[in-house]
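Enquirer: Sequence:
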Amino acid sequence: MNPVAVIAAGVMVSVLATGCGSPTATAGGKEPFALPVGPTEWDATAPAWYADGTLHVGERTVEIGDRVDQFVLGATGAYWMRGGTLMFTSAEGETEKVEKVGWGNLAVSADRSVFATVDQSRGPTDEFGTHVIQVAVFDTRTGEQLYRTPDEEPDDGDDLADLYGEIMPLLIGVSNERVFFDGATIDLDDASATPASDGPDGEVYEGYRETVFRDGFHVYLEGEGRHRQLSDTWLSGIGLLSPDRSTIFDTSQWPTEAVAYDVDTGDRRAIDAPWSHFTLAGWSDEDTFFGVAERIDEKADDVLRARQVVTCEVSTLSCTPVSPVIAADDTDQGRYPTFLVEGDAHQL
1 MNPVAVIAAG VMVSVLATGC GSPTATAGGK EPFALPVGPT EWDATAPAWY ADGTLHVGER
61 TVEIGDRVDQ FVLGATGAYW MRGGTLMFTS AEGETEKVEK VGWGNLAVSA DRSVFATVDQ
121 SRGPTDEFGT HVIQVAVFDT RTGEQLYRTP DEEPDDGDDL ADLYGEIMPL LIGVSNERVF
181 FDGATIDLDD ASATPASDGP DGEVYEGYRE TVFRDGFHVY LEGEGRHRQL SDTWLSGIGL
241 LSPDRSTIFD TSQWPTEAVA YDVDTGDRRA IDAPWSHFTL AGWSDEDTFF GVAERIDEKA
301 DDVLRARQVV TCEVSTLSCT PVSPVIAADD TDQGRYPTFL VEGDAHQL
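Sequential numbering of the sequence shown, starting at 1, is according to this note's numbering.
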């Protein structure tokens, strides 16, 4: 199987606070932060959602407050962003600040045992005091750092704030074996890096197509109407493939119809969800996925009128609600979202 080209525009990144200091260059800086872990593990692949200050993970709930931009799950708790600050809440509900990393670009492996984040809190700086953006990867069971970008001085005359405003080093994803970051596939065992190659549709990351992410394989699609099939180019569409490679979900546009497609035949199948639109969020195992059923009213100013988290069987596409119906709040003009699923990034 060939590597797949990754579309940077498809990666959800919240651009948060960065700053420029006075023109003084420093190398190294403070020590890398340690990743906190909790005392006990929870079911990190259970359906998870955040609503009005409460994080729901399967049958567990923890209070994390109303200033949340994004969250992902680890083996012993949740890692989440508040502005440019990375936070951790254990399965027992204890919350602590991890580090002001500056950017909301988080990723976790499919089994939630590996966590990655970009970090601009330390390391080499340019002459204006702006730190180089690094990627840091950790084991969520132990807190062990598995990889961090080596300290490397920026080129003389570089203005990193200006450069990052044009070309952002993106964390594309992470697995138990690799992290995909800033145009390279990095092996977590030996820290070797394989540069992405140039393809007709963008950068081609080695190992990307073979990687199961928390929401499945990331794939390209072709077809129209009631038919979809896998493709080698994104020009017709992008989607997700189930971990058992049996079922396709077309994610080319939102709102997304509550349908899936059989890989062998390409035929369309209805997802038996409460409403006719559905957003896939993740997989509990090869047989079970979960996501958000959505009630859409095309005539409303805000077309999304209500949501409900559901868990579904891939063989039958039948779904069972696991959350109450959460109505859209037309009066909510707050800075922070009132509803999130894992991996969602709130764009400031």
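Just so you know, the hints here were simulated from the structure itself, not pulled from any lab data. Among the clues, some could well be false.
[Unchecked claim] No more than 20 Å apart at the CA atoms, straight line, and that leaves these computed lysine to aspartate or glutamate pairs for EDC-like: (1) K97 - E152; (2) K30 - E177; (3) K97 - E153; (4) K100 - E59; (5) K97 - E63; (6) K30 - D151; (7) K299 - D329; (8) K100 - D158; (9) K100 - D190; (10) K97 - D151; (11) K30 - E92; (12) K30 - D111; (13) K97 - E127; (14) K30 - E144; (15) K299 - D232; (16) K30 - D190.
Enquirer: If a hint holds in the structure, say so; if it doesn't, say that too.
Expert: So, going through the hints one by one against the coordinates:
no.	hint	verdict
1	K97 - E152	violated, 27 Å
2	K30 - E177	violated, 28 Å
3	K97 - E153	violated, 28 Å
4	K100 - E59	violated, 31 Å
5	K97 - E63	holds, 15 Å
6	K30 - D151	holds, 12 Å
7	K299 - D329	holds, 16 Å
8	K100 - D158	violated, 23 Å
9	K100 - D190	violated, 28 Å
10	K97 - D151	violated, 24 Å
11	K30 - E92	violated, 30 Å
12	K30 - D111	violated, 31 Å
13	K97 - E127	violated, 29 Å
14	K30 - E144	holds, 18 Å
15	K299 - D232	violated, 36 Å
16	K30 - D190	violated, 24 Å
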